[in-house]
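Residue numbers (the numbering used here), protein chains in the order written: chain A, 1 to 417; chain B, 1 to 346.
If you are wondering where the hints come from, they were derived from the structure by calculation, not from laboratory data. This structure is a prediction, so every number in the text was calculated from the model and none was measured. It is possible that part of the hints are untrue.
Just some of the chain B residues that point at chain A, by a computed CB distance under 10 Å [claimed, not checked]: (1) Arg71; (2) Gly142; (3) Val200; (4) Gly296; (5) Ala297.
The beta carbon of each residue, even a glycine, is placed where N, CA and C say it ideally should be.
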Amino acid sequence: MFRSTLLSTTAAFMCSTGLAQAATPADILTNYADIAQAGYEDSLALAQALDAAVDALIADPTDATLTAAKDAWLAARVPYQQTEAFRFGNPSVDAWEGKVNAWPLDEGLIDYVSADLGANDENPFSTANVIANPTLTVAGVSIDASEITPGLLQNLHEVEGIEANVTTGYHAIEFLLWGQDLFGTEHGAGKRPVTDFDPANCTGGNCDRRAAYLKAATELLITDLQDAVANWSEGGQGRMDVTADPNRGIVMAFTGLGSLSYGEQAGERMKLGLLLNDPEEEHDCFSDNTHNSHYFDGLGIRNVYTGRYVRVDGSVVEGPSLYDLVKEKDETLANNLLGDMDRTMVALGDIRTAAEAGTSYDQMLGAGHPGGALVENAIEHLVAQTRNIERAVVLVGAEGVAIEGSDSLDNPTAVFE
Amino acid sequence: MRTLATLISACLLPGMLWAADPQTATNPAVNHVALTDQVLVVLDDQFAAFRDDTARLSQVAQAFCDGTANRQQMTQALAAAWTAWAPLDAYQFGPIETQAAALTVNFFPDKKNFVGRAVAELLKRPAQEQADPETVAAASAGAQGLPALERLVFDDVQTCPALIGVSGNLARIGAALHDGWFAPEGWADLVRDAGADNPVYLSHQEFTRQIFTALDFSILRLREHRIGRALGTYERSFPTRAEAWRAGFTNDIMIAQLDGLIAMVDDGFSDAVPDATRAEIVQIARDVQARIHAIGAPLSEALDDPQTRIRVEALQPMLDHLKSRLDQQIGESLGVDAGFSAGDGD
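Construct all of the structure, not just a fragment, from the sequences and the given hints.
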């Protein structure tokens, strides 16, 4: 009963995905790396578009140029979030990712915040305000911040080993463009006035330094994404790690899918906010774009499983997939997992639908809000798909060992350091 | 935690057959149906202890606020409930997951002072609402659990009557978790009914894997969250990141967590794992407990003194050794490897 329902549900999706290709692990991982490379290339291209929009904003700070910069940021999130499926299994990605998408952050380290919202008793830097202070003095330590450069932001990132000290990446830029969301669990995102970037009519103080920070953070994002593209290009470490040993690569790929689905997405990013009823606990909390960040995370997982990625220009990267590999060994499991992911996408789509219609994600986190059930439903589907991801790992991981084995890496445990 | 690390390691070791897959290398000596029953007995004991200790905590809180119990009795009741929770912290699936109890019972680690803010919000409510477990149950997870009670007892705030409301809600959770597992048609029945039509467990071996994963997760919680976050670096440690540092329960919680692991290995796996193997794992865990005792101070107070800090640092390689031997010895005996856990991710 359970399985037959799943099979009938997934059959329709299979027709449209071109999934039934013969697959070798090596071919699958080449396609996996190609999708990663394409995803980071798209992320880089849209970050460069964001940089151009930031230049326009700084040159002529108007509501129109601020809106254009925000729109560029929102677009840039679409490909990037889909690349998160390459985290948690690939060591080169895990070592790099915190530079671009660290969250949550104590934004008071970057700029002014509300007196009632933003201070963190556990973090002495939580209201250090780099933009307002050319010299930072925190806990007796003096830091020269007279010139705001990409290098300064790098040095301050996670300063003193405190994870919430985020000075770089998408969320730092998001905070600078939108400002704090002071609407709590009511509808409304951050409302930073464009005059915060206008030295001639400056609000919020230090407009030139704020513009310099925005520019430095955007430049740094581009540099970091260039590194990511190189990582997945021919000869890059990320590509080599997964393709050098197909058995290892297959398990790494599945590890990313399961870890993102369960511990990260369902747990840290969704359940936590729901149980805290805290609007600060949403991933894109300044822009109220969380419904999209969750949706595209889910889609990224499905992309990897099905071996298919729709690029930002409308072209498609596709090829042999993890689905194909599982299907060769256990067709029922392959289709059950695909059905799981399709249901997850419907559940994440429900959240997105409500949000696009005006009920933002932070409203859904409010106590007793009916949208909370949508979030809960998506969590349950993410947890459910993890069970079949785990079964797939058992199936293909173990058989890979039995068939081929490998001693191609000197230090296997370094994978998860 | 990268719980699939062992599998990947197995993939990389030449000539090593991974003994986890039912189709390739199942350990035929393991009766996973019988193992399930033994594991459930251990879980029943552990969840019943938490149910009973939270019920007692609620009674003592009421008496404390009535003036018929003293502060020492209150502290002891809180310590008992916290150490009863410590073994359950590993089992973040089933009723703990469906009831979201991992966060409501013990919101830890707390990276952004959510507990402090949630307690402050609770204390703004009328006294009658503070004392009402229903009100607490509808509040932020940060206000519902053991860390919230610790704030109420050890911070300079109005302790009563919120203490009654929070502990009453916690007693309700304690009972609901045990019922969720062991009432008719509870999770234990779902586990016993493992099979092709089961929505969660397609075989009893999958439950074995989940319990094994939970033990791995338990070691991660100790190493990374309970010790690592507070340890920081030699130049900068974070004493107030230690669990229950206000109450000074940190070390006892870690010891209780290891007691839970020992009970599962020694009793839950008694028929499936050879005596010598279980004895080795138990001894390693006992050694870790002895080293925790030997710190000589609460963890949060030991970090800034080089003489005691080094004793804290020494725990991490010991836990690495425990995990390594657990993965190799117990995993091989059970014929499973660790899967995904709530510890995956950032």
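Should the interface hint for B:Arg71 be scored as holding, given a Cβ-Cβ cut-off of 10 Å against chain A? 25 Å, violated
Supplied contact hint for B:Ala297, tested at 10 Å Cβ to chain A: Hint violated; B:Ala297 Cβ to chain A Cβ min 22 Å, cut 10 Å.
Closer than 10 Å between Cβ atoms is the bar; does B:Val200 clear it against chain A? Give me holds or violated. With a closest approach of 7 Å, the B:Val200 hint holds.
Once the shortest beta carbon distance from B:Gly142 to chain A is found, is it less than 10 Å? Nearest chain A Cβ about 6 Å off; hint holds.
Proposed interface contact between B:Gly296 and chain A, which counts if any beta carbon pair is under 10 Å: At about 26 Å, which exceeds the 10 Å cut-off, the nearest Cβ of chain A leaves the hint on B:Gly296 violated.
The earlier numbered hints that this structure contradicts are 1, 4 and 5.
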